[in-house]
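First to last, the sequence lines map onto chains V and Y.
Going by our numbering, the letters in the first sequence line up with residues -17 to 365, in that order.
Going by our numbering, the letters in the second sequence line up with residues 3 to 198, in that order.
None of these hints come from the bench; they were simulated from the model.
A quick note: this is a predicted structure, and the numbers were derived from the prediction, not measured.
Hints may contain errors.
Straight-line Cα separation of at most 25 angstroms, DMTMM-like style, residue types lysine to aspartate or glutamate; simulated pairs [unchecked claim]: (1) Y:Lys66 to V:Glu30; (2) V:Lys83 to Y:Glu194; (3) Y:Lys106 to V:Glu186; (4) V:Lys83 to Y:Glu188; (5) V:Lys48 to Y:Glu194; (6) Y:Lys98 to V:Glu186; (7) V:Lys26 to Y:Glu62; (8) V:Lys48 to Y:Glu64; (9) V:Lys136 to V:Glu186; (10) V:Lys48 to Y:Asp7; (11) Y:Lys86 to V:Glu51; (12) V:Lys48 to Y:Glu62; (13) Y:Lys66 to V:Glu209.
Some but not every residue of chain V turned toward chain Y, in silico, with C-beta under 7 angstroms [as the list claims (entries may be wrong)]: (14) Gly40; (15) Tyr41; (16) Ile211; (17) Ser214; (18) Thr335.
Just so you know, even glycine gets a beta-carbon here, dropped at the ideal spot from N, CA and C.
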Amino acid sequence: MSPVQTMPPRSYHIGKDDLGADILEVAMGPHHPSTHGVFRMDLKLDGETVVDLKPVFGYLHRNHEKIAEDITYPMSMPFTDRLDYLCGMTNNWAYALSAEKLIEIKVPERAEYIRVIVAELTRLVNHCLLIGFFVNDLGALGTPLLYALREREKILDLFEVLSGARMMVNYIRFGGVRCDPPDGWLKECQRIVDAFPAFLDEYETLLTENEIIIARAQNVGVVTREEAINFSLTGPMLRASGVNYDIRKVDRYGIYDRFDFKVPIGGHGDCYDRFMVRMLEMRQSVKILKQAIRDLPEGEIMGKAPKIFRPAPGEAYGRIEAPKGELGFYLISDGTPIPYRFKVRPPSFVNLTALRHMCLGHKVADAVIILGSIDIVLGEVDR
Amino acid sequence: MAAIDHKGVIRQFPELEWEASSGSLILSPEKVDEVVSWLKEDPAYRLDYLSCVSGVDYLEKEVKTRVRNEAGKMVFKTSLSPEKMEVVYHFYSMEKKTGPFILKQRVLSRENPVVTSLTPHYGGAELMEREVYDLFGIRFTGHPDLRRILMWEGFQHYPMRKDYVPPNDYEYEPTPHGDVLERARERREELEGQSP
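Okay, chain Y solo, but in the shape it has when bound (with noise of 0.2 angstroms):
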């Protein structure tokens, strides 16, 4: 399998981003469907084939980096990466047999994401966008259908999220029983105080 050189998507748009350490391409809002169209029918890349899409969740946490000081001596440094959520496409060419090459959709905020859909160029994309949203909360504009789709209606929370807390009541049921009843009231308070 060849892999994909990135060279010329970027001198198509230079204004896009090439995340190095992943070796994928960060889309901006504003450019998906000009980029995702123009991947998809350029004679070099001919990205036919959308493979999976899987949503990502980065809370805000310090990391810790090494690096050297005045004196010339290695020290931690500590830096704050900012919380983001990430939409991940992995796409192969069924046509030249290439791949695969790796597009992300970032959201800096945590409250509200919202990215553009890329069913309108990728029938597949339907599923498992609708998995994304069901999972993490991210919403897609510009889908069909975007509804649950492994959780039941009616479901509150975003599982995948990283900051998500299962319930203990898995078993729980309506019963006189008052130290399961009363354990779940104070497991449910406490997922209602810190719900999305």
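Chain V on its own, in the form it takes in the complex (with noise of 0.2 angstroms):
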């Protein structure tokens, strides 16, 4: 067999019936405004029926696997924001959590506190730029987007003022965070999280009971529970589905356990219950943030991090629940500063698989949304 296996010639007449009524073959993307970057679902239809699905990608491809395995394992630190660009700091979260599983690294109270902040703020930017463009994918077009863009921002500054970069942050390192918040950011951070319900309350009125969203997003690409579990499915999407498993109430990595929040549930699996799914979880992370930021202690932000970074042979797998869902780093260590392996688990590559077995029997204009409401980010699919 050649290493590479060819597509079957295609056939422009597979006549489903004697009338001759044929398949049409749509190539949507890889530039389609709907596709959220670089991404083409090879669409086959009746009508406007989808009678199959195939996804295509890679066009963002540059194997970060294998630059990683050429530099040393804080060099990779920097790399890991391009993955979900929007995510910066839960990217770096999990890379380190990882990494300290290779080396025991004890975390310092005000590091891990300020790390549960950055990655519940995270939650916050991802699900703000979510639901902004799933409704626009349904026809809202613009202003609540940029309604959505308003809050984001707000957050970013925050970021930018922490570690000089908005999206492309570099913050966590093994052991630590890189540098304690500045004067006033605590106090600026506050104010954003107090202030944060009233655009969810805003957000909720205009949208979660509008008609055209209840009619275009319900019963849409529906995800039943076992389905959910066998195509490993992680995150919001998960939930949506009713699978009560959340890592951080699982794991219960970093200081997870002494924050009271709950875990939002979705009863149908449809659109709509992951739109809904999310809004809670906003919810729940502003509940968290104000918990965080009320018992930040005084201290240290690094623990004793060795100078180079130098792991015993062996191997291990960190996880967390990134804002899409489960973040994986499998890496294995040969001994020498160079990771042997060094492997990514990106949840939005796996939520992916569910994509054809939603997508069939509804229409096109419904493909759109339920991959907009899969919340995929190409940096982090094609890696």
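Grab the two chains, each in its own frame, and use the hints to assemble them into the complex.
What follows is the structure, given as structure tokens:
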């Protein structure tokens, strides 16, 4: 067998019946406003109904894993920002968590709290953007998206003050965080967090009982509980299908066992539930943020990390609940300062497995919002 | 997160090998379907969630270990670790909230590695196994749609293998500039000489 398997020759006359009702093949993307990046869906349509779908991607592929296997462990940290470029902080944390499993480093209390604060702020950023684009896909052009971007921008300003960059933060280090929040940062953070529920209330008044959203999103792209588990879905996608599985609660990594928050669960597994689960998750994030800012202790921000990060031979798999789902890093060390194997388990790449299943039988216009409700970022899917 | 005890599965399948250094179960090729469906259904395990599929490539290399010789002195002994390829599966149980449990499929040949696909049991393996095929060239029997996924169709190599040499002509365009063409041609010949 040749190393490359080629597609079977395409037939343009797959007549379904004697009338010769042909199947229309449409390549939707890679440059399409609703695919959120360079992503292509090869659709087969019967009229307007989707009868087959193949996701095609890799346009942003730069083999992040190969690059990471040529450089030392700490040098990969800025590259992880570019995976899911909307959520730099959680990517940093996932990588640091796996590396801290290879070499036991005690993370100081204050750094743990700062990590929780920046991770939950990242969740707000991601979900704001997602719901903005989601309603944009549904036809609410412009205004709701800009409302969401307005809130996101405030948090990105916080990140800029803290780390020097809005998105490519490169902030978390093995054993702690890079720098202490400057004077006044916490106060400003507190102010933004306190004002955030007002934005959510406004957004919910405008959108959650909106007739068009209900008509377009409910009962569209349904994934049942069993299917969701079988497809390895994670994050809001999984919880919208009614599975109570949040890695913050299950693994209790970091100091998440100290906070009082709930895990929102959906019941139907449709696009509307995925939208609502994220709305409710933002309220819980605000709740965590208020507790974390209140309890933030004084003290060190970096633990005793070795100057040269050279783990003993072994392997570690660390995972966190990133805004999009389970983000894992699988590291194999051979005793040198360079990882022997560096593997990223990206949430949106795996969540894409269910795309075909969710779209079959729906209209083309529904495929657009189903893709929007998965919440993919191509920097992470393609790596 | 509670760790998963491996004694139950070893009791059920005594011929399986447990690798203590990495805490993983090595699957033998003829047993894959049986073991995986047992682990998925057994009430003590219920591994219903496949989290991560990774390929790993090991070249043949010399390993030095410290041993004590007859005179009682510590000396370095050189042994040869064979070439192999592994597919590592990380499992969790969503029902029992336990994990991880690591399964490995191992092939002792880098020429034509073939392992068994887990897609009949776990739908989530589909894209992840396609990625392993694309980047490592490990083929999965029983996979419904084994094609390249991140690299393009027609790409000849497997870039995550340890002996892959990246081309130095990323910006290559067929132009009449002789030295660029010459360099690209040389490198291509070099690559073709060693392609799998």
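Consistency of the hints with the structure:
1. Y:Lys66 to V:Glu30: violated (64 angstroms)
2. V:Lys83 to Y:Glu194: The hint is violated at about 40 angstroms.
3. Y:Lys106 to V:Glu186: The given pair, whose Cα atoms are some 47 angstroms apart, is violated under the 25 angstroms limit.
4. V:Lys83 to Y:Glu188: violated (44 angstroms)
5. V:Lys48 to Y:Glu194: Status holds; Cα separation ~20 angstroms.
6. Y:Lys98 to V:Glu186: Distance ~35 angstroms between Lys98 of chain Y and Glu186 of chain V Cα, so the pair is violated.
7. V:Lys26 to Y:Glu62: violated (46 angstroms)
8. V:Lys48 to Y:Glu64: holds (23 angstroms)
9. V:Lys136 to V:Glu186: Given pair Lys136 of chain V, Glu186 of chain V holds - Cα atoms ~20 angstroms apart, limit 25 angstroms.
10. V:Lys48 to Y:Asp7: Violated, at roughly 33 angstroms.
11. Y:Lys86 to V:Glu51: This hinted pair holds, its Cα atoms lying about 18 angstroms apart.
12. V:Lys48 to Y:Glu62: Given pair Lys48 of chain V, Glu62 of chain Y holds - Cα atoms ~19 angstroms apart, limit 25 angstroms.
13. Y:Lys66 to V:Glu209: violated (48 angstroms)
14. Gly40: holds (4 angstroms)
15. Tyr41: violated (9 angstroms)
16. Ile211: This hint holds: Ile211 of chain V lies near chain Y, its Cβ roughly 5 angstroms from the closest one there, short of 7 angstroms.
17. Ser214: holds (3 angstroms)
18. Thr335: holds (5 angstroms)
The structure fails to meet hints 1, 2, 3, 4, 6, 7, 10, 13, 15 from the earlier list, while all remaining hints are met.
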